[in-house]
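Q: Read off the chains here:
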Amino acid sequence: AQSVTQLGSHVSVSEGALVLLRCNYSSSVPPYLFWYVQYPNQGLQLLLKYTSAATLVKGINGFEAEFKKSETSFHLTKPSAHMSDAAEYFCAVSVRGSGNTGKLIFGQGTTLQVKP
Amino acid sequence: DTGVSQDPRHKITKRGQNVTFRCDPISEHNRLYWYRQTLGQGPEFLTYFQNEAQLEKSRLLSDRFSAERPKGSFSTLEIQRTEQGDSAMYLCASSLAGGPGNEQFFGPGTRLTVL
Chain A
1 AQSVTQLGSH VSVSEGALVL LRCNYSSSVP PYLFWYVQYP NQGLQLLLKY
51 TSAATLVKGI NGFEAEFKKS ETSFHLTKPS AHMSDAAEYF CAVSVRGSGN
101 TGKLIFGQGT TLQVKP
Chain B
1001 DTGVSQDPRH KITKRGQNVT FRCDPISEHN RLYWYRQTLG QGPEFLTYFQ
1051 NEAQLEKSRL LSDRFSAERP KGSFSTLEIQ RTEQGDSAMY LCASSLAGGP
1101 GNEQFFGPGT RLTVL
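Line by line, the protein sequences are chains A and B. Our numbering puts the first residue of the first sequence at 1, with every later residue one more than the last. Our numbering puts the first residue of the second sequence at 1001, with every later residue one more than the last.
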């Protein structure tokens, strides 16, 4: 079975500082991995996804993530935080293979606070 | 706006009542998903449709829950005899077929409060 663990339910950074949100996954087969962002009272928006084309994935709004198979990790980073980055971030995994539905298994989320 | 839409955005009901939610996916998307999100948690998968066929249901989807997608376009999720534990945000997402790596586009959700 697949699972996702996000280390740290709350992360606080200063504006301009590095953002690092941690995600570890468990999957018996090579996974697809996703990061979504959720702003208050809104649905989820895709930041980036890993589908095996490249281990370093660049997404929207300056975010990127690196797939590390040996560490079963897919941490999300951004060099310089903006106030507008304050939101809830979710890591998710989906299973490869024919017949798979594409359903997403989400982590519990990390709330990012950006201080002025 | 051609994104995923959900109706209503908010629903308050009394325990024991039935409720129905609607999801309109992006028009060319043949995959449709329902998820449930409780406070402080990530979304949990409920069910999946490919066109009009419901192909997977989670164990979370008790017999009080039923979902349909009659013509392969919009979908409804009905909860019968609501319980306080059903209070949550219900999210709908759609995607193109072709593989589990395809992006799912999420609607804004329906927030259900059961009193």
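Hints are computed from structural coordinates only; laboratory data are not their basis. Just so you know, these numbers come straight off a predicted model, no measurement behind them. Built from N, CA and C at the ideal position, the CB exists for glycine as well. A portion of the hints provided could be inaccurate.
[Claimed, not checked] Some but not every residue of chain B turned toward chain A, in silico, with C-beta under 7 Å:
no. : residue
1   : 1045
2   : 1088
3   : 1103
4   : 1113
[Unchecked claim] What the simulated footprint calls covered on chain B by chain A, stretch by stretch (three residues with Cβ under 8 Å from a Cβ of chain A suffice, anywhere in the stretch; the number is not a length):
no. : segment
5   : 1017–1031
6   : 1048–1062
Q: Each hint should be assessed against the structure and marked as holding or not.
A: Do the hints match the structure? See the list:
1. Interface hint at residue 1045 (chain B): satisfied, since its Cβ lies 4 Å from the closest Cβ of chain A, which is below the 7 Å cut-off.
2. Look at residue 1088 (chain B): its Cβ only gets to about 14 Å from chain A, farther than 7 Å, so that hint breaks.
3. Because the closest C-beta pair between residue 1103 (chain B) and chain A is about 5 Å apart, less than 7 Å, the hint holds.
4. Taken as an interface hint, residue 1113 (chain B) does not check out: its beta carbon lies about 14 Å from the nearest beta carbon of chain A, beyond 7 Å.
5. Evaluation of the coverage hint for the segment 1017–1031 of chain B: breached, as 1 residues show C-beta separations to chain A shorter than 8 Å, against a requirement of three.
6. Counting residues of the segment 1048–1062 of chain B whose C-beta lies closer than 8 Å to any C-beta of chain A gives 4; at least three are required, and the coverage claim holds.
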